[in-house]
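As given, the protein sequences belong to chains A and B, one line each in that order.
Sequential numbering of the first sequence, starting at 91, is according to my numbering.
Sequential numbering of the second sequence, starting at 91, is according to my numbering.
In short, the hints are calculated from the structure, not lab data.
As the structure is a prediction and not an experimental result, all values here were calculated from the model.
The beta carbon of each residue, even a glycine, is placed where N, CA and C say it ideally should be.
Keep in mind that the hints are not guaranteed to be accurate.
[As the list claims (entries may be wrong)] Anything over 12 Å on all C-beta distances counts as not near chain A; from chain B, calculated: (1) Arg103; (2) Ala107; (3) Ala178; (4) Ile201; (5) Phe212; (6) Lys213; (7) Arg219; (8) Leu229; (9) Asp318; (10) Ser332; (11) Gly337.
[As the list claims (entries may be wrong)] Here are the in silico distance ranges between beta carbons for each label pair: (12) B:Glu256 to A:Asp92: 51 to 57 Å; (13) B:Lys94 to A:Lys135: 52 to 58 Å; (14) B:Glu371 to A:Thr116: 40 to 46 Å; (15) A:Leu95 to B:Cys258: 48 to 54 Å; (16) B:Glu371 to A:Asp373: 54 to 60 Å; (17) B:Glu256 to A:Ala297: 31 to 37 Å; (18) B:Pro189 to A:Leu118: 32 to 38 Å; (19) A:Ala297 to B:Arg186: 53 to 59 Å.
Chain by chain, the residues:
There are 2 protein chains.
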Amino acid sequence: MDLKLYLHEQCTRIDAALDRFLPKETDLPHSLHKAMRYSIFAGGKRVRPILMLAACQAVGGDSERAVPAACAMEMIHTYSLIHDDLPAMDDDDYRRGNPTNHKVFGEAIAILAGDALLTEAFKLISDPRFTDGCEASGLLAVIHEIATRSGSYGMVGGQVVDMESEGCRDIDLATVQFIHTHKTGALIKASVVAGALIGGAGGQQLAAIIRYGEAAGLAFQIADDILDIEGTTDEIGKDAGSDEARGKATYPAVMGLAAAKEEAQAMMDEALRALEIFTEEADLLREIARYIVKRKN
Amino acid sequence: MDLKLYLHEQCTRIDAALDRFLPKETDLPHSLHKAMRYSIFAGGKRVRPILMLAACQAVGGDSERAVPAACAMEMIHTYSLIHDDLPAMDDDDYRRGNPTNHKVFGEAIAILAGDALLTEAFKLISDPRFTDGCEASGLLAVIHEIATRSGSYGMVGGQVVDMESEGCRDIDLATVQFIHTHKTGALIKASVVAGALIGGAGGQQLAAIIRYGEAAGLAFQIADDILDIEGTTDEIGKDAGSDEARGKATYPAVMGLAAAKEEAQAMMDEALRALEIFTEEADLLREIARYIVKRKN
Chain A
91 MDLKLYLHEQ
101 CTRIDAALDR
111 FLPKETDLPH
121 SLHKAMRYSI
131 FAGGKRVRPI
141 LMLAACQAVG
151 GDSERAVPAA
161 CAMEMIHTYS
171 LIHDDLPAMD
181 DDDYRRGNPT
191 NHKVFGEAIA
201 ILAGDALLTE
211 AFKLISDPRF
221 TDGCEASGLL
231 AVIHEIATRS
241 GSYGMVGGQV
251 VDMESEGCRD
261 IDLATVQFIH
271 THKTGALIKA
281 SVVAGALIGG
291 AGGQQLAAII
301 RYGEAAGLAF
311 QIADDILDIE
321 GTTDEIGKDA
331 GSDEARGKAT
341 YPAVMGLAAA
351 KEEAQAMMDE
361 ALRALEIFTE
371 EADLLREIAR
381 YIVKRKN
Chain B
91 MDLKLYLHEQ
101 CTRIDAALDR
111 FLPKETDLPH
121 SLHKAMRYSI
131 FAGGKRVRPI
141 LMLAACQAVG
151 GDSERAVPAA
161 CAMEMIHTYS
171 LIHDDLPAMD
181 DDDYRRGNPT
191 NHKVFGEAIA
201 ILAGDALLTE
211 AFKLISDPRF
221 TDGCEASGLL
231 AVIHEIATRS
241 GSYGMVGGQV
251 VDMESEGCRD
261 IDLATVQFIH
271 THKTGALIKA
281 SVVAGALIGG
291 AGGQQLAAII
301 RYGEAAGLAF
311 QIADDILDIE
321 GTTDEIGKDA
331 GSDEARGKAT
341 YPAVMGLAAA
351 KEEAQAMMDE
361 ALRALEIFTE
371 EADLLREIAR
381 YIVKRKN
């Protein structure tokens, strides 16, 4: 399988669906809808939606049914980036080489565009026009999973601890683990679990997917920490070395670069082991786990 | 019926449920959960939850089943207040006589507490521990209704137009109507519609409740505009006359105080007419509509 080609095709598929689902810029209020679309189409790799579709397929489901929830997940990821970049938070002027939302639309609209994207995600998953072939009880479980992993016990909680740890000396591994499993890991896990639920996973399949999601989520963030050190500014679309400059809690910071690389590899191995109950239907999830660790951006 | 006593009892009921449903302050991250609870318990009148329970009863449903969704609605209302008060938005230091969330916890936590409350709302409605006796398809419809009315085509959209109209001369009635029906009206409407859906409303009942919600929502906001002029700072818990000082788009500003009062009354009459298909089971909704217009805070 040519993974690069596959990822590119899935990216195009998700982008087209996002364009279909998102409010039009011609609808009122124009500024808000423009701001929402600006950040959604600012060059995301669509990792979470692609993972959701792949997990749906891995358990034998029709990935087409997971497209709305996959787009909802990207909206949640995007809202979190818009709010993270705000002056009161990370105060970033650029993201993926483009000016951040508040630099273009102002802080007030950026806050509201984030709020609206988060809301739109739940509106989309529950939209009766797009729920054909999905059980209502399954979709409720998907909403519950995504909301749980995105909220105060998930992504938002991770963001708070990340922020409160910034610049602190002597951050321990447990704290970095908490931040990584919550801030990034939670949405990765929710993506594959939601995909498995929509695909009609049985109990054993779901348990395997959860285990995969946890390991792959952590691998993803450790790889990100490493990229911040080893990648060039051009490759990663933000200032290389910015984590260290900010005193961010990262794996390399607490255990050194070599040990962090070993840990990322170990997490990838764990993700692959979790998939042992599947045959070739989970090959995409396997390839994505490998890609997560070796990617250059 | 003693409405004041009834409202007080329902307020206590909702407060107890909110306390049960909200993350505990002892759970990590403490600062975030503290901030979420601070604004939830900062003296809200619980108008939206009470309307939801009353609408559920009006269509013959068991209001107990609507309690989680009613609390979710209060979380959404509260998140919107936290974000509205931010320096980048209305920049308010006080709300209901208490320091605003960002004055106590800082801007970053205030933004994240708002995000977490919005997310928690959808987590709560879809929580399998609290959905006993509710049809999954009905709850999906509730989530869709609430998300639609809270998002870019509802409350958030209204907030954007309100903000963009601030200080503009020659705001016309259509714009003020757009702001009011979206910024405040949408959540009031969603509250009664969600209550009716949970109560198992038939098509004719639902249509009546929608009509009631639209009229009562507009009446509520016009009454608010009037209170801002006629109430004392002590009564309304914020600076009296602050709308005018800010050049806010209000009914009294575009049509004068007397005409605004007539309009509020006309909307209340319309809300009562909408309920004509019901007998005494809708008396609470009737009383609340009357209260909305004559309240002093």
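Status of the hints after comparison with the structure:
1. The beta carbon of Arg103 (chain B) is kept farther than 12 Å from every beta carbon of chain A, the shortest such distance being approximately 24 Å.
2. Distance to chain A confirms Ala107 (chain B) as a non-interface residue, since its nearest Cβ pair spans about 18 Å, more than 12 Å.
3. A cut-off of 12 Å between C-beta atoms contradicts the statement that Ala178 (chain B) is not in contact with chain A; the least separation is 4 Å.
4. With a closest Cβ-Cβ approach of about 6 Å to chain A, Ile201 (chain B) is found to fall inside the 12 Å limit, against its non-interface label.
5. Some Cβ of chain A comes within 12 Å of the Cβ of Phe212 (chain B); the nearest lies about 4 Å off, and the non-interface call is violated.
6. At roughly 4 Å from the closest C-beta of chain A, the C-beta of Lys213 (chain B) falls inside 12 Å, breaking its exclusion from the interface.
7. With 12 Å as the threshold on Cβ separation, the claim that Arg219 (chain B) sits away from chain A is violated: the shortest Cβ distance comes to roughly 10 Å.
8. A cut-off of 12 Å between C-beta atoms contradicts the statement that Leu229 (chain B) is not in contact with chain A; the least separation is 6 Å.
9. The beta carbon of Asp318 (chain B) is kept farther than 12 Å from every beta carbon of chain A, the shortest such distance being approximately 21 Å.
10. The beta carbon of Ser332 (chain B) sits about 18 Å from the closest Cβ of chain A, which is more than 12 Å, so the claim that it is off the interface holds.
11. With a closest Cβ-Cβ approach of about 16 Å to chain A, Gly337 (chain B) is found to remain outside the 12 Å limit, as its non-interface label requires.
12. Between Glu256 (chain B) and Asp92 (chain A) the CB atoms are about 54 Å apart, so this pair conforms to the stated range of 51 to 57 Å.
13. Range check, Lys94 (chain B) to Lys135 (chain A): Cβ separation about 57 Å, and the 52 to 58 Å hint holds.
14. Evaluation of the 40 to 46 Å hint for Glu371 (chain B) and Thr116 (chain A) yields a pass: the beta carbon distance comes to about 43 Å.
15. For the hinted restraint 48 to 54 Å between Leu95 (chain A) and Cys258 (chain B), the CB-CB distance of approximately 52 Å keeps it satisfied.
16. Between Glu371 (chain B) and Asp373 (chain A) the CB atoms are about 58 Å apart, so this pair conforms to the stated range of 54 to 60 Å.
17. Glu256 (chain B) and Ala297 (chain A) have their C-beta atoms about 53 Å apart, which leaves the hinted 31 to 37 Å range violated.
18. The hinted range of 32 to 38 Å is satisfied by Pro189 (chain B) and Leu118 (chain A), whose Cβ atoms lie roughly 34 Å apart.
19. Under the hint 53 to 59 Å, the C-beta atoms of Ala297 (chain A) and Arg186 (chain B), about 47 Å apart, miss the expected range.
Hint compliance for this structure: hints 3, 4, 5, 6, 7, 8, 17, 19 are not met, and every other hint is.
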